[in-house]
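Student: Residue numbers (numbering that gives the first Met the number 0), protein chains in the order written: chain A, 0 to 113; chain B, 0 to 248; chain C, 0 to 82; chain D, 0 to 599.
Take these hints with a grain of salt, some might be off.
In silico SDA-like pairs for lysine to any residue, Cα to Cα no more than 25 Å straight-line [unchecked claim]:
#1 Lys75/C x His100/A
#2 Lys75/C x Met244/B
#3 Lys23/D x Gly183/B
#4 Lys65/D x Gln54/D
#5 Lys65/D x Val62/A
#6 Lys599/D x Ala14/B
#7 Lys75/C x Asn39/B
#8 Lys65/D x Pro519/D
#9 Lys67/D x Leu205/B
#10 Lys65/D x Asn39/B
#11 Lys599/D x Ala273/D
Simulated restraints, written as ranges between beta carbons of each label pair [what the hints assert, rightly or not]:
#12 Ser77/C x Thr64/A: 51 to 59 Å
#13 Ala201/D x Ile11/B: 33 to 41 Å
#14 Ala25/B x Ala13/C: 44 to 52 Å
#15 Ala13/C x Ala17/B: 17 to 25 Å
#16 Ala53/A x Met120/B: 29 to 37 Å
#17 Ala510/D x Pro204/B: 29 to 37 Å
Calculated directly from the structure, the hints in this document are not laboratory data.
Ideal Cβ placement from N, Cα and C applies to all residues, glycine included.
Listed below are the residues making up each chain.
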Amino acid sequence: MSYLPYAVAAWLFLIGLYGVISSRNLVHLIICVGVIQSSSYVLLLAVGYRTGAAAPVFVDIPVGTRAVDPVVQALMLTDVVVEVTVVALLLALAIQVHKRHGTLNPDELRKLKG
Amino acid sequence: MTRRIRQRFFLISAAALALCFVWGYADLPPFGHVSSSYANIVNAISVPQRHITDAVTAVNFDVRGFDTLGEEFILFTSVLGVILLMRRTKDEPAGDHEDKAPGRKVPPVSDAVRVTTLLLMAPTILFGWYIVVHGQVTPGGGFQGGVILSSAPLLLYLCGSYPKFRGAAAPRLIEIAEALGAAGYILIGGACVALGGLFLENLLPLGTTGTLTSGGMVPFINLGVGLEVSGGFTLILLVYLEELMEEKE
Amino acid sequence: MIVLQALILMFVAAAGTAVVFTRDPTSQAIVVSFYGLLLGIMFFVFQAPDVALSQIVVGAIALPLMIMLALARVKKQSRKAQK
Amino acid sequence: MRLLPVLPVVTPLITAAVLALLTKLLPRGWSSLIAIASAVATAAAGALLFEGSLQQPIIYWFGNWKPKGHIALGISFAIDPIGAGLATFAAVLTAAALIYASKYFDSVENHFHALILCFLGAMCGFSLTGDMFNLFVFFELMSAAAFALCAYKTEDPGALQGALNFAVTNTIGAYFVLTGLALLYARTGALNMAQMSEALAAHSGGKLVLVAFAFVSCGYLVKAAVVPFHFWLADAHAVAPSPVCVLFSGVMVEMGLYAFTRIYWAIFDRTLHAHIPSLRVLFISIGVATALLGAIMCFSQRNLKRLLAFSTISHVGLMTLGIGLFTAGGLAGAALYTVGHGLVKGGLFLAAGILLHRFSTVDELDLHGRGRTEKWAGFVFFAGALGLAGLPPSGVSAGDDLIHEAAQAVGYHWIRWISFFAGAVTSAAVLRATCRIFFGWGPRRADEPGGAPKTQEARETDRSRQATPAIMTGPAVVLVMAGILLSFTPHLKRVATQSSITFQNPEGYTARVLRANPEPTPPAPVPADNSHLLGIVALVCAAIGAVCYLFSKPFRSTSHWILRPLGVLHTLHSGHVGDYVAFLTFGIAAFGLVCIFCLK
Numbered sequence: 000m001s002y003l004p005y006a007v008a009a010w011l012f013l014i015g016l017y018g019v020i021s022s023r024n025l026v027h028l029i030i031c032v033g034v035i036q037s038s039s040y041v042l043l044l045a046v047g048y049r050t051g052a053a054a055p056v057f058v059d060i061p062v063g064t065r066a067v068d069p070v071v072q073a074l075m076l077t078d079v080v081v082e083v084t085v086v087a088l089l090l091a092l093a094i095q096v097h098k099r100h101g102t103l104n105p106d107e108l109r110k111l112k113g
Numbered sequence: 000m001t002r003r004i005r006q007r008f009f010l011i012s013a014a015a016l017a018l019c020f021v022w023g024y025a026d027l028p029p030f031g032h033v034s035s036s037y038a039n040i041v042n043a044i045s046v047p048q049r050h051i052t053d054a055v056t057a058v059n060f061d062v063r064g065f066d067t068l069g070e071e072f073i074l075f076t077s078v079l080g081v082i083l084l085m086r087r088t089k090d091e092p093a094g095d096h097e098d099k100a101p102g103r104k105v106p107p108v109s110d111a112v113r114v115t116t117l118l119l120m121a122p123t124i125l126f127g128w129y130i131v132v133h134g135q136v137t138p139g140g141g142f143q144g145g146v147i148l149s150s151a152p153l154l155l156y157l158c159g160s161y162p163k164f165r166g167a168a169a170p171r172l173i174e175i176a177e178a179l180g181a182a183g184y185i186l187i188g189g190a191c192v193a194l195g196g197l198f199l200e201n202l203l204p205l206g207t208t209g210t211l212t213s214g215g216m217v218p219f220i221n222l223g224v225g226l227e228v229s230g231g232f233t234l235i236l237l238v239y240l241e242e243l244m245e246e247k248e
Numbered sequence: 000m001i002v003l004q005a006l007i008l009m010f011v012a013a014a015g016t017a018v019v020f021t022r023d024p025t026s027q028a029i030v031v032s033f034y035g036l037l038l039g040i041m042f043f044v045f046q047a048p049d050v051a052l053s054q055i056v057v058g059a060i061a062l063p064l065m066i067m068l069a070l071a072r073v074k075k076q077s078r079k080a081q082k
Numbered sequence: 000m001r002l003l004p005v006l007p008v009v010t011p012l013i014t015a016a017v018l019a020l021l022t023k024l025l026p027r028g029w030s031s032l033i034a035i036a037s038a039v040a041t042a043a044a045g046a047l048l049f050e051g052s053l054q055q056p057i058i059y060w061f062g063n064w065k066p067k068g069h070i071a072l073g074i075s076f077a078i079d080p081i082g083a084g085l086a087t088f089a090a091v092l093t094a095a096a097l098i099y100a101s102k103y104f105d106s107v108e109n110h111f112h113a114l115i116l117c118f119l120g121a122m123c124g125f126s127l128t129g130d131m132f133n134l135f136v137f138f139e140l141m142s143a144a145a146f147a148l149c150a151y152k153t154e155d156p157g158a159l160q161g162a163l164n165f166a167v168t169n170t171i172g173a174y175f176v177l178t179g180l181a182l183l184y185a186r187t188g189a190l191n192m193a194q195m196s197e198a199l200a201a202h203s204g205g206k207l208v209l210v211a212f213a214f215v216s217c218g219y220l221v222k223a224a225v226v227p228f229h230f231w232l233a234d235a236h237a238v239a240p241s242p243v244c245v246l247f248s249g250v251m252v253e254m255g256l257y258a259f260t261r262i263y264w265a266i267f268d269r270t271l272h273a274h275i276p277s278l279r280v281l282f283i284s285i286g287v288a289t290a291l292l293g294a295i296m297c298f299s300q301r302n303l304k305r306l307l308a309f310s311t312i313s314h315v316g317l318m319t320l321g322i323g324l325f326t327a328g329g330l331a332g333a334a335l336y337t338v339g340h341g342l343v344k345g346g347l348f349l350a351a352g353i354l355l356h357r358f359s360t361v362d363e364l365d366l367h368g369r370g371r372t373e374k375w376a377g378f379v380f381f382a383g384a385l386g387l388a389g390l391p392p393s394g395v396s397a398g399d400d401l402i403h404e405a406a407q408a409v410g411y412h413w414i415r416w417i418s419f420f421a422g423a424v425t426s427a428a429v430l431r432a433t434c435r436i437f438f439g440w441g442p443r444r445a446d447e448p449g450g451a452p453k454t455q456e457a458r459e460t461d462r463s464r465q466a467t468p469a470i471m472t473g474p475a476v477v478l479v480m481a482g483i484l485l486s487f488t489p490h491l492k493r494v495a496t497q498s499s500i501t502f503q504n505p506e507g508y509t510a511r512v513l514r515a516n517p518e519p520t521p522p523a524p525v526p527a528d529n530s531h532l533l534g535i536v537a538l539v540c541a542a543i544g545a546v547c548y549l550f551s552k553p554f555r556s557t558s559h560w561i562l563r564p565l566g567v568l569h570t571l572h573s574g575h576v577g578d579y580v581a582f583l584t585f586g587i588a589a590f591g592l593v594c595i596f597c598l599k
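Start from the sequences, fold in the hints, and give me the full structure.
Tutor: Dropping the structure here:
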């Protein structure tokens, strides 16, 4: 267990990369970019976790209780926003690509060779 | 490169990259045993010094508030970007938009669906609002609540009232709300300077821990973020919806 | 607790792989929404309720919605082109 | 001083929000006026910060969260002359681009100006911040604005594809940065650069630090477009609107190099200092490969914007050589080179934009002889060729001098021949295009078997194209003249060297940030003013090469024969996003393995 989360993070990164290079559809490719992003969630989450500690919300627990890392969680919140905005931009691009090229297959987009 | 060459080339590189991952990650402290004095200090000061019970909110809106300012502008920029990318260019035929083509058939929606979705509207808005305002007390805050709020106009679409919504120039109002939210964050920061502090320095009275007004300027930032996020997401979804509806067969 | 954590991590890894290998975008939109939900549950299990909430509203709702809208737009155009 | 350090970031951002707020309400022309004013104000604030930080670097803690017991809590700006100078330069280029665009991109509804201002705010924050995660946030903000701006001409299929390649590769690069950052946080428990540096120095090394170094560096080097991460650059530049290209080429790409340099000196130097000789070999190899590949690809293009884009890649390689020396002189040279190159390249892209405006094409052969009426654009192209070759009064030559001197000091005197070659070839390519377009020299038809195929361009301007208004030629001429006369600025080399010494002082940096303890930096040695005149030779070679290429058929055939094996390079630049990501994976894996095995 002590290295499983890290292994999952690494796996998600690599499998997402594989999805991107082997994709035949831009929408699929964009979702794979999202999978790469989720690797960073898992890694950050694992880095911020403390065995047996509580969530850093001191409502029902007294101040001073051992809590997990709030800083990392704040970073992850930013990360979530970054992901969704990047995906929104990329999907908009993909829609326009389809409008102009009539295809979403990256193999058929050869406008920029050389 | 052909597909096969690309895949082989990638697999070799990925194997090497996997080695880097293994070496790097194996050197990490075992899971659950990472320590950070930064985190410990933040956990220790969030309630006594800031009267904020949710330490994550304390980091996001107070200690590292400037990051969140950047984050708001990432969303703001993306919204502008999506609007820019989806705009109608001159060479496109001015499609038969539903407000320009009154004869367009509105998809039939049964009264039952209409009533249910409208009934869902109120709880959605309430829930979103609840999540926004309790940001410094319980998990949640401007971002999470904002996204929930942005799903309300979508319900309108589901129940077929979207043309009315659009007709009421609501998108324009949402644009204004979004820009105000983004500008508001900077204005709050600037107000701190005007009050004699540094940018984003929390100078307001801190209030009673656990109430909606605790945390000094945090509730204000929270509201600004909620405005910006709900507006931003609504706009993104609206642009996508319009794009979907503009070309009818 | 540890068993639960290990299980959810395994599920996340498996679901991530499934997202990549679902080649048809429409089915993928459903798989990715499930994946978003799983990530949200994982955040809860690992004591990150704030992130869990935003992951669920974004990963299980907003993101799949955008993907569906984009796909619907693309499909409509393809149908039009075929006519 | 309570507000000034924030101004370069918040001025453009709040103006962007106001512009979005007032869209449709402002009369035509006002939004560009407001945007220009905002960029000028940003430049002024940046210049004040530059002036201030020359005396003493400025540390600014947001929200007044000062370090507690030497542990940084809040986010700090750590402003030194190089960062402030870069922010100022970004604002100056933005102002020029906005002035150029004011007449033709003034469609109030499309948020063009607001996006450019967000882009500027992000670049300023990026160059001033002293916090690792804040750097990432501004990196993403910069990227989000850049992706949208790149695809501005949505009616051009190429623009969408170029923007998509750009967005996917850079986003993946950003995730590598984030992964490296998470590793560093796990080891150090800090996000502030100074604190990370201190924690790493206290801890014995280990592979984690090397892997984190590789991921973070490569993530930012993707933005810097060094080989093998360069593929997206030519695609993005070929399709983006010309004023946006000015910012992409002139400053955004250099931001990637800046970020690498910053994190190396602020975080990793105390841990990796003993390995500088190995790192030097690594970065000089990358730089040489980038410079040569860019130069060769540049000469074989016929699309003017793609030609300029590959020349940017080549010059980025030369800047990489400068910072890859890991000495104050090298960094100072790279800094001057950045400014000199950015000004010249900005002018050239604007001139290419003028041609696109008049003739709806930037294809060199289609434009053959048609540019005779466009005297000013021709002048800019000619002057730009001088600037790229490194003719002495130019900023590029000043940078070259410093880099050569620094290289000699650490035993890499042959680097001058690389910059000679890259300067001569890129300059020859621009001269060739100038002679063809503005003088009508050379054959009208192509007899070029290899080389890049012809491309179609979408118009980027509307209204009448009968004449070119002064508002378009003005910024182009001013930028290029500033670029080739930059060396006349007094104390240029001394200020640059002094700033670099401040920059490369990790102990001083940590003391300033964490202990508010200003350590005086040792004064810089006055650099010898020995212009190596190599630029003149490069220019002469470039001129001879260009003229021979245009008039002598045997010369052309020979050069094609020599370049034929390089056809494989054209095949590699396939425009396929999968290929690009495969190369990115390869590059990062190779960089990582080299770090692990050579820097133990």
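Student: So, for every hint listed, does it hold in this structure?
Tutor: Okay, the hints, checked on the actual structure:
1. Lys75/C x His100/A: Distance ~15 Å between Lys75/C and His100/A Cα, so the pair holds.
2. Lys75/C x Met244/B: holds (10 Å)
3. Lys23/D x Gly183/B: The given pair, whose Cα atoms are some 21 Å apart, holds under the 25 Å limit.
4. Lys65/D x Gln54/D: Judged against 25 Å, a Cα distance of about 22 Å means the pair holds.
5. Lys65/D x Val62/A: holds (23 Å)
6. Lys599/D x Ala14/B: Between Lys599/D and Ala14/B the Cα gap is close to 21 Å, so the pair holds against 25 Å.
7. Lys75/C x Asn39/B: violated (54 Å)
8. Lys65/D x Pro519/D: Roughly 22 Å between the alpha carbons, so the hint for Lys65/D and Pro519/D holds.
9. Lys67/D x Leu205/B: With a Cα-Cα distance of about 21 Å, the restraint between Lys67/D and Leu205/B holds, given a limit of 25 Å.
10. Lys65/D x Asn39/B: holds (16 Å)
11. Lys599/D x Ala273/D: holds (10 Å)
12. Ser77/C x Thr64/A: 51 to 59 Å: Check passed, 56 Å falls within 51 to 59 Å.
13. Ala201/D x Ile11/B: 33 to 41 Å: Given a distance of about 38 Å, which is inside 33 to 41 Å, the answer is holds.
14. Ala25/B x Ala13/C: 44 to 52 Å: The hint (44 to 52 Å, Cβ to Cβ) is violated, given that Ala25/B and Ala13/C are roughly 23 Å apart.
15. Ala13/C x Ala17/B: 17 to 25 Å: Hint holds: Cβ distance 18 Å, inside 17 to 25 Å.
16. Ala53/A x Met120/B: 29 to 37 Å: holds (36 Å)
17. Ala510/D x Pro204/B: 29 to 37 Å: holds (36 Å)
Against the hints set out earlier in the document, violations occur for numbers 7 and 14.
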